[in-house]
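Enquirer: With the hints as constraints, model all of the structure from the sequences given.
Protein chains in written order, with this note's numbering: chain A, 1 to 113; chain B, 114 to 225.
If we take Cβ atoms under 7 Å as the criterion, some of the chain A residues that face chain B in the derived model are: (1) G43; (2) P44; (3) F46; (4) F103; (5) K105.
Derived Cβ-Cβ restraints for the label pairs, each shown as a range: (6) B:V127 <-> A:G16: 48 to 56 Å; (7) B:N120 <-> A:F46: 21 to 29 Å; (8) B:D151 <-> A:T10: 17 to 25 Å; (9) A:P9 <-> B:D169: 26 to 34 Å.
Cross-link-like lysine-lysine pairs, in silico, BS3-like; alpha carbons within 25 Å at most: (10) B:K130 <-> B:K182; (11) A:K105 <-> B:K170; (12) B:K131 <-> B:K182; (13) B:K182 <-> A:K100.
These aren't lab readings, by the way, just hints derived from the structure by calculation.
No experiment lies behind these values; they were computed from the predicted model shown.
The C-beta atom is built at its ideal place from N, Cα and C for all residues, glycine as well.
Here's the letter readout for the chains.
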Amino acid sequence: GESVGLHLPTLSVQEGDNSIINCAYSNSASDYFIWYKQESGKGPQFIIDIRSNMDKRQGQRVTVLLNKTVKHLSLQIAATQPGDSAVYFCAENSGGSNYKLTFGKGTLLTVNP
Amino acid sequence: EAQVTQNPRYLITVTGKKLTVTCSQNMNHEYMSWYRQDPGLGLRQIYYSMNVEVTDKGDVPEGYKVSRKEKRNFPLILESPSPNQTSLYFCASSSFPKGELFFGEGSRLTVL
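Expert: Structure (structure tokens):
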């Protein structure tokens, strides 16, 4: 079947390099943001989240940065591995207490060994 | 194991033949939601439910129905499927408010 990776921005990196995936969000009132990873043939998988009262949050090998001034979100992956190859989506909660997530279209990350 | 289970995973059907895609979660989550994923359009929300007997439209609800009679189940119903409903469908659930959204493995539907 047709891959969800078609028509997407792509990022190609060498194994061991750091990756930075960017996302512009649309609603200045959004208060919660999430990054998801989707491997081929699978459902999206939670990576890391951040609330709007923070600028940075770190997980294991991943860091999310939030710049509310320019409505920009980034995901940094340290020491990228072949298993990191996937489509990465950002999502914003623009519904306040109604929890309405709006997803970006995604970026296809390819890690070359 | 915490999971969201969808069935069927793959289905080919014909225009007008009613079908139901089931979704079940074992995490006692209040919030459940259906999305469709199409190339170039990303994930778009169809319907969501904040709790039992509480459902609401998402961004693309036309042609779909849902019900939430029990907390764990949230079936998606296509009363009269049409070819433009050919898509990859995902069910997701979350604790409320704003817990991590867990996704099922997806159901690929083709309407001929």
